[in-house]
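K.L.:
So you can see what is in the structure, the chains are spelled out below.
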Amino acid sequence: MAEFLSLHDAVARYVQDGATVAMEGFTHLIPFAAGHEVIRQKKRDLTLIRMTPDIIYDQLIGAGCAKKVIFSWGGNPGVGSLHRLRDAVEKGWPHKIEILEHSHAAMACAFEAGAAGLPLAVLRGYVGSELPSVNDQIKFIECPFTGERLAAVPSVRPDVSIVHAQRADRQGNVLVEGIVGVQKEAVLAAKHSIVTVEEIVDDLKAHPNACVIPSWAISAVAVAEKGALPSYTHGYYGRSNRFYKEWDAIARDRDTFTKWLDDNVYRAEENA
Amino acid sequence: MAEFLSLHDAVARYVQDGATVAMEGFTHLIPFAAGHEVIRQKKRDLTLIRMTPDIIYDQLIGAGCAKKVIFSWGGNPGVGSLHRLRDAVEKGWPHKIEILEHSHAAMACAFEAGAAGLPLAVLRGYVGSELPSVNDQIKFIECPFTGERLAAVPSVRPDVSIVHAQRADRQGNVLVEGIVGVQKEAVLAAKHSIVTVEEIVDDLKAHPNACVIPSWAISAVAVAEKGALPSYTHGYYGRSNRFYKEWDAIARDRDTFTKWLDDNVYRAEENA
Amino acid sequence: MSLEYTSSEMMSVTAARALENGTTCFVGIGLPSEAANLARLTHAPDVVLIYESGTLQTKPDILPLSIGDGELCESALTTVAVPEMFRYWLQGGKVNVGFLGTAQIDRFANLNTTLIGDYKAPKVRLPGGGGAPEIATNAGEVFITLKHSKRAFVKDVDFVTTLGFGRDGKGRDNVPNIGKGPTRVITDLCVMKPDPDTKELVVVSLHPGVSREDVMEATGWEVRFAAQLESTPEPSEKELEILRELKARTERAHAGE
Amino acid sequence: MSLEYTSSEMMSVTAARALENGTTCFVGIGLPSEAANLARLTHAPDVVLIYESGTLQTKPDILPLSIGDGELCESALTTVAVPEMFRYWLQGGKVNVGFLGTAQIDRFANLNTTLIGDYKAPKVRLPGGGGAPEIATNAGEVFITLKHSKRAFVKDVDFVTTLGFGRDGKGRDNVPNIGKGPTRVITDLCVMKPDPDTKELVVVSLHPGVSREDVMEATGWEVRFAAQLESTPEPSEKELEILRELKARTERAHAGE
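Residue numbers (our numbering), protein chains in the order written: chain U, 1 to 272; chain A, 273 to 544; chain L, 545 to 801; chain Y, 802 to 1058.
Keep in mind the hints are simulated off the structure, nothing from the lab.
Remember, it's a predicted structure, so these values are computed and weren't measured experimentally.
Please note: incorrect hints may appear among the correct ones.
Unchecked claim - Listed below are the simulated DSS-like cross-link pairs for lysine-lysine, each with C-alpha atoms no more than 25 Å apart in a straight line: (1) Y:Lys921 / U:Lys67; (2) U:Lys205 / A:Lys477; (3) U:Lys139 / Y:Lys971; (4) U:Lys68 / Y:Lys921; (5) A:Lys517 / L:Lys691; (6) U:Lys245 / Y:Lys860; (7) L:Lys664 / A:Lys340; (8) A:Lys368 / L:Lys667; (9) U:Lys245 / Y:Lys924; (10) A:Lys463 / Y:Lys981; (11) Y:Lys924 / U:Lys68; (12) L:Lys791 / A:Lys517; (13) L:Lys603 / U:Lys205; (14) L:Lys603 / A:Lys517; (15) L:Lys664 / A:Lys339; (16) L:Lys691 / L:Lys724; (17) U:Lys91 / Y:Lys921; (18) U:Lys245 / Y:Lys1048; (19) U:Lys68 / U:Lys96; (20) A:Lys517 / L:Lys667; (21) Y:Lys924 / U:Lys67; (22) A:Lys411 / U:Lys139.
Claimed, not checked - Negatives, chain U to chain A, calculated, CB over 10 Å: (23) Ala12; (24) Arg13; (25) Asp17; (26) Arg44; (27) Ser81; (28) Lys139; (29) Phe145; (30) Glu148; (31) Lys245; (32) Asp248; (33) Ile250; (34) Arg254; (35) Thr256.
For each residue, glycine too, the CB sits at the ideal point set by N, CA and C.
Taking the hints into account, I'd like the entire structure generated from these sequences.
P.N.:
Written as structure tokens, this is what we have:
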């Protein structure tokens, strides 16, 4: 059964220095409040997994939390580069980070395989791409029935996955709705999981085939109102496209970034 | 785009003698009306695929439509044997049939792989079971990352899949709700597909993550009111458990079965 | 106490008691489903019941006749597609206990639901494996419940549909990522558990009024009894009442269309 | 006619016209999304747009800034999980056209969105592959749209993120279960198509007012022109009006929170 914890306590308990952490949310429901808590608690040497490391990972990388990033598309969607990611990769600031990159299809399948308890995912992927030459985790197998050459990647099985969702009921069952990405897979694939939610309700009001993650498949549920901003929560609030655009200027420069982090994360209250 | 056809015309066009046919529905939404139409049109030499061949396949086998059955659990749920299946396997009436049997996990994964366009499914399955000794389609592969031995089965890719659903809109998009089984996978894995529905509506009234099969992924939509009886349609009518129990006596004997078929299928109007 | 109850009721109550509150249980249809729901309605209100039809955490008011009755979906936390059920929830390691029935079981708790006789020319063709082969290997442990008879309890099953401990008792040795396998078998006569070393099923508890001879006569091999043979506790009045109400509700519901 | 329009508008309108009504199109963000939605709002009302965020058959009223804006989900027929999107809908063969942008493209239509320079010590780190590697191989065919410049149109890409026809033009030969690959590249100057034999991109149509020299100067290899070089039809008044309204609506929406 999921335990109801404060976001501070959930992060303190489950995110250890050196851990492999997946914070997921495919543009929608990105767990920003939780990410900021990780920064505030100065977690270090994390291996950060995420299909689309957008500005939350830019912030974590710039704040020095990351040792390695495993991803398939690292940009500020519709705006441009992640300047902190680039600064780390290109110039080693605040320190060098390793990267391991995949395609979306491979990572999505790797999350699926992780949730399915398998060691590998098989897909018709990477045909003609040079990604396998720079990622030794991409292998190829032969189908025993047809002889076709198919790509294989290791499944994703994080130490802890963190996702944001609309709401939990009082037993800790969680409803995720709208663009559901790989969030359910991330939670099921991980040893531990933290789900932040907009609110706790008596009744999830879910339809029969809704994406509901049962309480007994989650480690901790923490309330984080507006916990996805500047990303959004379907049915609660919209995406702050304006902030995504503003981020470009903030992140471009180490000083403006550092000041932003001081003002908006280190000095901010949890969930503020 | 799906074409709206009568059930007669849909079956006449897409179910050819000798075809590989999957009629799916995991207890719920079993396409009985369509199965009866296949019997009425005297289709022959079909390879019938279905995880849980219940009494609709008993009827098809007894009526002489089947050359081969691929399945993972063939019984009358909660009641007992499928007497027509047993009579065909044990005594060759009305003729000998081949069987190829899997476990549920393997067949579910094989439908998933078929929908995913892959030639094989990989699962942690058949450990210690003797099914691989009687099914040469079960092979084992070694995970290139961990060395673990995993089962592999060919994906299911029927010539035609037939499923029943709650409703279609006027464009032919279909809503499936409740116990959704492997129906979406069956439709997506097949070359052609027929979906029978309770009704055509202006608006599906589906929630954001509903199981909706788009019109452009379906060959034909046919209205078949009460098309799942004696199985059921969530939100429309319940399961006739009584008929499932009565079937045991009807099917036990070749003569009572033949009479039942005459009275209730051959002499019945389409959709009656 | 001198309550009146049948041996079937004794079996269901004993099977139900095996399930601890809070356990996540993948439930087979028939006797396992009866036992699991009785557990939920008595000492284990928070037991999580999963059926292979995709219904997660379901709380049916009546026993389903089939594995996919509407009642299961309507009372579930949510319902997922069948591939997801087997991949994420079972193979993904979320199930503590798989609760199975069977047609045949042997001394190493291997299960046969495929056929009696020879595969190519079966005497009796049974329904087949269904979910059992992977429930038995991917669940944390397995409970089995069935009526005791010489036809059912055989020395060697005609076909190993579902792994207990293999034909030599060593079928799980050195297999990675596999559950503990059958940890108890509950019948209408007794409770059996695998010997820790040989994995042969041993009678650990006799139901009230059942003798060693009764079990020996209903078992197709020279069955062994534990040194400390226990007497299975009787059903309580409350358990019997709830079981009987459940079965009466179920019968009324299934009699209608 | 002497309509006023920009070269960007010319590019979007030409790219939009490439999409036939009824086509199922897996849409990349940015220019492809603009073109695909323009197609839907003009000649192709029944074009089916799929975004990798899981939104199937979506009809956004404004252009999404990200691949997963709320607008995409709200106007979709349904929204599926991302693994399902890549497995069932893309790899499952349901997509006719993949519509992509890119940072670099070479003469064999290979795409680079990974980096400029050396992989171990990149001069410019780009966002990476995203959905493109499998869109380009699992879709029936691929359309590519981007602005023409010597930086973008290079003889050989620094890194093949996404297969066009390989570094020798033969990258799809004898590969089973693979789409046709890039069938056209639409820029702000011209339309290019692969030579049927060598697969080298050849200019087949020049936009109004654009000269061969303009294209040659913006292309990093000795670009060839088709024997029958055509002139791209101008945008219609209606197309321009709809495109401008779409962009104005989008800008207003994105300026707010």
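K.L.:
Give a verdict on every hint.
P.N.:
Evaluated hints:
1. Restraint check: the Cα-Cα separation between Lys921 (chain Y) and Lys67 (chain U) comes to about 16 Å, which is no more than 25 Å; the hinted pair holds.
2. Distance hint between Lys205 (chain U) and Lys477 (chain A) is fulfilled; the C-alpha atoms sit about 16 Å from each other, no more than 25 Å.
3. Pair hint Lys139 (chain U) plus Lys971 (chain Y) holds up; C-alpha atoms about 22 Å apart against a cutoff of 25 Å.
4. About 14 Å separates the Cα atoms of Lys68 (chain U) and Lys921 (chain Y), which keeps this hinted pair within 25 Å; it holds.
5. Taking the CA atoms of Lys517 (chain A) and Lys691 (chain L), the gap is near 22 Å; set against the 25 Å cutoff, the hint holds.
6. For the suggested pair Lys245 (chain U) and Lys860 (chain Y), the alpha carbons sit about 24 Å apart, so the restraint of at most 25 Å is met.
7. Between the alpha carbons of Lys664 (chain L) and Lys340 (chain A) the distance comes to roughly 14 Å, so the proposed pair stays at or under 25 Å and holds.
8. At roughly 15 Å between alpha-carbon atoms, Lys368 (chain A) and Lys667 (chain L) fall within 25 Å of each other, so this suggested pair holds.
9. With a CA separation close to 24 Å, the supplied pair Lys245 (chain U) and Lys924 (chain Y) stays within the 25 Å bound.
10. Between the alpha carbons of Lys463 (chain A) and Lys981 (chain Y) the distance comes to roughly 20 Å, so the proposed pair stays at or under 25 Å and holds.
11. Between Lys924 (chain Y) and Lys68 (chain U), the direct Cα distance comes to roughly 19 Å. Compliance with the 25 Å bound is thereby established for this hinted pair.
12. Between Lys791 (chain L) and Lys517 (chain A), the direct Cα distance comes to roughly 17 Å. Compliance with the 25 Å bound is thereby established for this hinted pair.
13. For the hint pairing Lys603 (chain L) with Lys205 (chain U), the CA-to-CA distance comes to about 17 Å; that is within 25 Å, so the pair holds.
14. Restraint check for Lys603 (chain L) and Lys517 (chain A): satisfied, since their Cα atoms lie roughly 24 Å apart, inside the 25 Å limit.
15. In summary, the hint linking Lys664 (chain L) to Lys339 (chain A) is supported, as the alpha carbons are separated by about 16 Å, within the 25 Å threshold.
16. A distance of roughly 23 Å separates the Cα atoms of Lys691 (chain L) and Lys724 (chain L); the hinted pair therefore holds under the 25 Å criterion.
17. Note on Lys91 (chain U) and Lys921 (chain Y): the hinted pairing holds, with a Cα-Cα distance of about 12 Å set against a maximum of 25 Å.
18. Restraint check for Lys245 (chain U) and Lys1048 (chain Y): the C-alpha separation of about 17 Å stays at or below 25 Å, so the hint holds.
19. At roughly 9 Å between alpha-carbon atoms, Lys68 (chain U) and Lys96 (chain U) fall within 25 Å of each other, so this suggested pair holds.
20. For the proposed pair Lys517 (chain A) and Lys667 (chain L), the alpha carbon gap of about 24 Å is at most 25 Å, so the pair holds.
21. Between Lys924 (chain Y) and Lys67 (chain U), the direct Cα distance comes to roughly 21 Å. Compliance with the 25 Å bound is thereby established for this hinted pair.
22. For the proposed pair Lys411 (chain A) and Lys139 (chain U), the alpha carbon gap of about 20 Å is at most 25 Å, so the pair holds.
23. No Cβ of chain A approaches the Cβ of Ala12 (chain U) within 10 Å, the least distance being about 32 Å, so the stated non-interface status holds.
24. The Cβ of Arg13 (chain U) lies farther than 10 Å from every Cβ of chain A, with a closest approach of about 29 Å, so its non-interface assignment holds.
25. At roughly 26 Å, the least C-beta separation between Asp17 (chain U) and chain A is larger than 10 Å, which holds for a residue marked as non-interface.
26. Non-interface call for Arg44 (chain U) relative to chain A: holds, since the shortest CB-CB distance, roughly 27 Å, exceeds 10 Å.
27. Ser81 (chain U), annotated as away from the interface, keeps every beta carbon of chain A farther than 10 Å; the closest lies near 31 Å.
28. The claim that Lys139 (chain U) is not at the interface with chain A is violated, since a C-beta of that chain comes within 10 Å of its own (minimum 5 Å).
29. For Phe145 (chain U), the condition that its CB be more than 10 Å from all CB atoms of chain A is violated, with the nearest at approximately 5 Å.
30. At roughly 6 Å, the least C-beta separation between Glu148 (chain U) and chain A is not larger than 10 Å, which violates its mark as non-interface.
31. A cut-off of 10 Å between C-beta atoms confirms that Lys245 (chain U) is not in contact with chain A; the least separation is 27 Å.
32. No beta-carbon of chain A comes within 10 Å of the beta-carbon of Asp248 (chain U); the shortest separation is about 30 Å.
33. Its beta-carbon lying about 32 Å from the closest one in chain A, Ile250 (chain U) satisfies the requirement of being farther than 10 Å from that chain.
34. The Cβ of Arg254 (chain U) sits about 38 Å from the closest Cβ of chain A, beyond the 10 Å cut-off, so the non-interface label holds.
35. At the 10 Å boundary, the C-beta of Thr256 (chain U) stays outside the reach of chain A, the nearest C-beta of that chain being 38 Å off.
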